[in-house]
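Undergrad: Following the hints, position chain B with the ligands against chain A.
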Amino acid sequence: MRLDSKIPAGPLEEKWTRYKGTVNLVSPANKRKLDVIVVGTGLAGASAAASLAELGYNVKAFCFQDSPRRAHSIAAQGGINAAKNYQNDGDSVYRLFYDTIKGGDYRSREANVYRLAEVSANIIDQCVAQGVPFARDYGGLLDNRSFGGTQVSRTFYAKGQTGQQLLLGAYSALSRQIAKGTVQMFARHEMLDVVVVDGKARGIIARNLVTGEIERHGAHAVLLATGGYGNVFFLSTNAMGSNGSAAWKAHKRGALFANPCFTQIHPTCIPQSGEYQSKLTLMSESLRNDGRIWVPKDRKDAELLREGKLKPIDIPEEKRDYYLERRYPAFGNLVPRDVASRAAKERCDEGYGVNPTGKAVFLDFESAIMRYGQVEANLQGIKNPSKEKIRELGEKIIEAKYGNLFQMYEKITDINPYKSPMMIYPAVHYTMGGIWVDYELMTTIPGLYALGEANFSDHGANRLGASALMQGLADGYFVIPYTIGNYLAGEIKTGKIDTNTPEFESAEKEVRDRIAHFLGNNGKTSVDTFHRELGKIMWDKCGMSRNAQGLQEAIREIQALREEFWKDVKVPGRSDMYNPELDKAGRVADFLELGELMCLDALDRNESCGGHFREEYQTEDGEALRNDAEYAYVAAWEYTGKPSEAILHKEQLVFENVELKARSYK
Amino acid sequence: MNLTLKIWRQAGPDDKGRMVTYQVKNVNPDMSFLEMLDVLNEDLIAKGEDPVAFDHDCREGICGMCSLYINGEAHGPGRGITTCQLHMRSFKDGDTIIIEPWRAKAFPVIKDLVTDRSAFDRIIQAGGYISVNTSGNTIDANAIPIPKENADKAFDAATCIGCGACVATCKNSSAMLFVSAKVSQLALLPQGRVEAKERVLKMVHQMDLEGFGNCTNTGACEVECPKGISLENIARMNREYLAAVIS
Ligand SMILES: Cc1cc2nc3c(=O)[nH]c(=O)nc-3n(C[C@H](O)[C@H](O)[C@H](O)COP(=O)(O)OP(=O)(O)OC[C@H]3O[C@@H](n4cnc5c(N)ncnc54)[C@H](O)[C@@H]3O)c2cc1C
Ligand code: SF4
Ligand code: FES
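Protein sequence lines correspond, in order, to chains A and B. Heads up, the first sequence stops at 666 in full-length UniProt numbering, and the numbers go up one at a time, no gaps. Heads up, the second sequence stops at 247 in full-length UniProt numbering, and the numbers go up one at a time, no gaps.
Pulled out of the complex, with its shape left as it was, chain A reads as follows (with noise of 0.2 Å):
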C-alpha cells in the first residue's frame, strides 16, 4: 500500500488557498442526490454536519447519547485557541503554526497544521456569530487566557465551559438543519460497522440502543467523527460512553491507524481516590496560569503530609519545591501537557507525593489571590487593606475565572480550595493517535473520512492545551466542506446507494453473530472486570513511561485477558432492548485488540516523544530523547486478522519550514 498524504504543492502559505481554488466542486443540483452519514456530534461531527447540509446534501447523523448536545466535547473546560491577536502580544498564524509542530515534538504534519492555524480566527468569528458567549472584557472585547506551550495569550474561553458552550453553538447549527429535514437525526444508536463495497466506503451498520434493531443505512460518503480512545485505560477524563469502535472497526475495513501509542497524560487531574473509582475528573490547564505546583523539599514533609500530621500551609515558603518553575524557567507552570505529567510522576516516585496515596502534588492559588486581591484594591480604591480584605477581593477575581472548576474539586473531594491548594495527579486525557487521513481528510478507504480526536492529523507526539476544540470546529466547519466535493464530484452518476447488497448481508451477520455471542456466553465475569484489568496493564505498562520488557509483557498479558474475556464475558439481557452492557461488552472487545495495537506501536518506536516516553530514551536530566534520523514518519498499521500481525507503513515527515531541534522549555 503507498500512503499518499496528497499535500497540495506550493509554499507552506498558499497551499490551502491554493487547494480551495482548484479542487472539484459539486454543483447544488447534484448535492441534493449525494448522501453523507456523519457518525459523532461532537464539535467535530455536529460542525460537520450542519455544514454539509447547508451546503445541500443530505446528511444522516448518529450519536449514543440521547441527544447530539451531549458529546464529549460537552465536557472541555479551559478554552479554544485562534491566532486573533487581539492582545497584541506577538501572536501570528505562523506563531500558532509553529507552537503546535513544536508542541508536537515534530511528529505531525507541516500543510496539516499550517491550515488549522490558518482557518482558526475564522472559528472565533463562526462562533460569535452563533450567539456563543465567551468570556469578554469590560470594554465589552473577548478576553483571552494562556495555555501550556506557549508564550502568548490566544485562548478563548467561557469560563471553565468552553466546551460547552461550543458545542451548544454547533448543535443550535446543527438542529437548525434537522428542522430544515436537511440532517436526518438518529440519537441513542452505535455504528457497529462500515460497509465497504468495491473498495469505497459505502454505508454503515448501526443499532438502535432503545429497541436493538439492526439497521442498515448506506451513503456516498461516510464520516467518523466518534472522539477519541482514552478509556482504553478504563480511567480517564473522557466521558463513560467515550469509545475506540467505530475507528478500530474502520481499521478492520481497511483504514490504516496512525501513531496509537501517542497518548496524553493530562498534569491536572483529581487523583484517583479508591478501586471503586468508575472515572477521574480533569482540573482544566487553565488553572496553570494563576496556579503554582509544588511538592515539599524535604521527603520527611511530604511524609508528615501523607500521615495527615502536617498541613500545606504549615510549610513555609523556602520549603517548597516549585519545581516546575526550578527546572523550566523559562515556561514555569505552563510547560507543555507531557513534560508537566512527568515531572509529576519524577517527584511522586522520589517520595515527595503530598496526599496519602503518595501520588498527588499540590496546585496552589494562594499567590494568585493575593495578587489579584491587591490589584482589585488599588482599583477600588482601597487604602492600606487588610490581609484579609486583600484575599476576599481576590477570591472574588478567581471565583470569577475558575467557579465552576473550583466548585467540581470541592463537590467531589470535600476540600475548599480557595483555602487549601488542590491536589492534582496526572491522568489519561485525549489520544493524538487515530485514524490515519490525508490532508483531505479521507482514510485509506476512498468515501470514508475522519475528524476531530478520531484522525491522527494535527498534534504529532503531544497536544497543546486548547488546540482540540480548534481541530474538531476546524475540520468540521472548515476543511471538510471542500475537501469531500473533490470526491463526490465522481460520485454525482452513481445514484442512491442499495443496502441489499451481498457486503451489506455479511456486515451485518457480523454484527449480529457478535451480539449472540455475547449473549449467549454464559460466562461468569461483568465486562468492566476485564476493562478494569485492560487499564490497568495499560496505565503500568504503556502509560506515562514505557519500555521495551514492559511493552512486551503487556502484549502477553493483553493477548491472554483477550482470550478470557471472549470464553467468560458475562453479558445480561436481551438483544432487542435497551441494554447498555451489550454496549459496553463490544466496546470493551475493540479495546483488547486496540489496546495490543497500542503496546506494538510503542515498541516499534524506539526513541522519546511528546507523550510517548521510553525509558531507555532520555537524556541525563530525563528529558525526552528523540530520534529525527530513523523515526520522524507517522507509523500507519495495516490490520491483517490479528493485532500482533499488523504491518507498518511508515509516512516520512518531510519538514520544509521548522528546523527540528530539541523541544527546550527551558
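The hints are simulated quantities; they were obtained by calculation from the structure and are not laboratory data. Just so it is clear, the structure is predicted and the values come from calculations on it, not from any experiment. Positions of the beta carbon are idealized from the N, C-alpha and C atoms, including for glycine. Fair warning: there could be bad hints in the mix.
To be verified - Partner residues are not named here, just some residues of chain B that face chain A (Cβ under 8 Å, in silico): (1) D57; (2) M88; (3) P147; (4) L186.
TA: Showing chain B with the ligands alone in chain A's frame:
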C-alpha cells in the same frame, strides 16, 4: 455504610413498572451516587439479575445525561449539582433511598430510570439558534463589543445542560426554565436580537405541543436546577413573548 434502595423498575415503555427493594453493603462515603449504582449492578449481574438502567455519560455534571429523582428531589439532596456529582457522604449508614425516573408526560420512560427527553431537542429545533450559515465569512468577532454585563448574563443562561430537572420538579411539568434559558441567552446578545420575536413564538409553541404544563410561578425549578438558572429568565421570556404577540 449499608443502605436500602427502593428503585423504580420498568421493563419498557408499555410496562406498568413497580418499586423494587435492594440492599447494598460496604458503600464508601467518597463514592459518587452513580458509582454506588455501579456496585449494585455488578452485584445484580453476578446474581444473574437484570441490572438497573440509568442514563449517564460525563460523570462530571456537564453533559446533562444523568437524571434521577432521589428521595423526592431531582438530582437528590444538595444544591447546584447533578446526580453524578452527588456523593455518598450526603447519606448516613442505614438510610433508605428512593430512586425514581423523571416523571413527566413529555418524558416517557424507556426502561427503569431512563427517560426520553427528545422533546427538548425539538424545542431547540423550533428556533433555539441564530440563523447564520456556517461558512465563517461573517464579521470579525470583535466588531460588535458586547457589554460585559450582558455577555455574562447570556453566559449564565447558556450554561443550562438540558437535564430536565426543572420539568421533573415542577408540579405542572413545565419546561419554562429550560426554554427561557435559551430564549434569554440569545435575546441578550445583539446577534440574537434579529430573530428574537420569531424565536420566542416558535419555541413556546413547540413547548406547548410537546405536552409540557403551564408555569404557575412556584419557583421549584430554580431551586432544583443544577446550574442555577435563574427565574429572571422566565420573566425575560414572558416580556419577550408579550412583546412578540403584541407587535
Ligand atoms: C474533560 C476534558 C476537557 C477537555 N478540555 C479541552 C479544552 O479545554 N480545550 C480543548 O481544545 N480540548 C479539550 N479537551 C479535548 C476535547 O474536548 C476533545 O478532544 C474533543 O471535544 C473531541 O471532539 P470530537 O468531536 O472529535 O469527539 P467527541 O466530542 O468525543 O464526540 C464523539 C461523538 O461520536 C459519537 N460516537 C462515538 N462512537 C460512536 C458509534 N460507534 N456510533 C455512533 N456514534 C458514536 C458520540 O456519540 C459523540 O457524538 C478536553 C477533553 C476532556 C476529556
Ligand atoms: S434549566 Fe436547569 S434544570 Fe432545567 S434543563 Fe436546564 S440545567 Fe436542567
Ligand atoms: S453524567 Fe453528565 S451530567 Fe451527570
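Undergrad: Should the hint that D57(B) touches chain A count as held when the rule is a Cβ pair under 8 Å?
TA: holds (4 Å)
Undergrad: How about L186(B): closest beta carbon in chain A under 8 Å, or not?
TA: holds (5 Å)
Undergrad: If you take the shortest Cβ to Cβ gap from P147(B) to chain A, is it below 8 Å?
TA: This hint holds: P147(B) lies near chain A, its Cβ roughly 5 Å from the closest one there, short of 8 Å.
Undergrad: So, M88(B) near chain A? Judge it on the closest CB pair being under 8 Å.
TA: violated (10 Å)
Of the numbered hints listed earlier, the single one contradicted by the structure is hint 2.
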